[in-house]
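Novice: Construct all of the structure, not just a fragment, from the sequences and the given hints.
Taken in sequence, the protein lines are chains P and A.
Under the working numbering, the residues of the first sequence are numbered 4 to 68, in order.
Under the working numbering, the residues of the second sequence are numbered 480 to 675, in order.
Derived by calculation from the structure, the hints in this document are not laboratory data.
If a hint is listed, it holds; no wrong ones were tucked in.
Reference excerpt, derived from the structure (chain A facing chain P, CB under 10 Å, subset only): (1) 541; (2) 553; (3) 562; (4) 659.
Sample of chain A residues lacking proximity to chain P, with all beta carbon distances greater than 12 Å (derived): (5) 502; (6) 507; (7) 514; (8) 568; (9) 582; (10) 588; (11) 596; (12) 602; (13) 612; (14) 614; (15) 617.
Since the structure is predicted, the reported quantities are computational estimates derived from the model, not experimental observations.
We put the beta carbon where it would ideally sit given N, CA and C, even for glycine.
Each chain is listed here by its residues.
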Amino acid sequence: MAKRKAVVSVRECVACGCCVKVCPKGAIAVPRGICAEISRELCVGCGKCAKECPASVITLEVTEQ
Amino acid sequence: MKGKKKWYDYLWIFSLTYLILGFFNILFAWLGLLCFFIPLLIAILKGSKAYCNKYCGRGQLFSLVGGRFGLSRKKDIPGWMKSSYFRYGFLIFFFAMFFLMLWNTYLVFAGVKDLGMAITLLWTFKLPWHWAYHGTLFSDGVAQFAFGFYSVMLTSTVLGFVTMLLFKPRSWCVYCPMGTMTQLICKARNAGSPRK
Chain P
4 MAKRKAVVSV RECVACGCCV KVCPKGAIAV PRGICAEISR ELCVGCGKCA KECPASVITL
64 EVTEQ
Chain A
480 MKGKKKWYDY LWIFSLTYLI LGFFNILFAW LGLLCFFIPL LIAILKGSKA YCNKYCGRGQ
540 LFSLVGGRFG LSRKKDIPGW MKSSYFRYGF LIFFFAMFFL MLWNTYLVFA GVKDLGMAIT
600 LLWTFKLPWH WAYHGTLFSD GVAQFAFGFY SVMLTSTVLG FVTMLLFKPR SWCVYCPMGT
660 MTQLICKARN AGSPRK
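Specialist: Okay, here's the thing in structure tokens:
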């Protein structure tokens, strides 16, 4: 079955960390203060980060697994 | 991760108190320098945006008022507002205005200008603020800096509040000059290090 995963637009991310705070799985971090990185293993595709992101640069993409 | 609240999740109280204190004694405005130097020091020394990510009280205040209290349309911010042109342009404009404020403070220190007991909102509107001035122990310049710095803080709060209402709660974070600057510092500082 196709799964949804959150994906960050690296170029547009402002590294504010709003997504880190809402992620129920602790799957997001902002290492080195440049942009958010989402762990594909931990992400369950709930979409909370995408909703929270003030720049709206996180999208949910369908992945075949 | 969502879960148990940490001590730093309550720093919005600090931000709110700061805004309120400025209505009673303008000299408290000096405390705002903490919100200026701490993020810079973290970015320069640690190369991270831990300030934005964890400690920023203003961001927490916006997410509380816009998120929890629902005072936000929660719409996407327009594309141009998240473009690097706007973000870097706003950073430059903000700092030009900041240095103008420092110059005015210097003129009062030097005795060329008299103390102006006003708050300049949105770099344009002068609001009388004499009630929050009860004299200063040192030079008038100390009070002038307080009026100037509080103007900067109030202006950015008003802008952040408006974009909170119009777009997502923490829309301010997208064009926050401190955030843009710390991200630039982190990019420069970590330019050589490999990803992961």
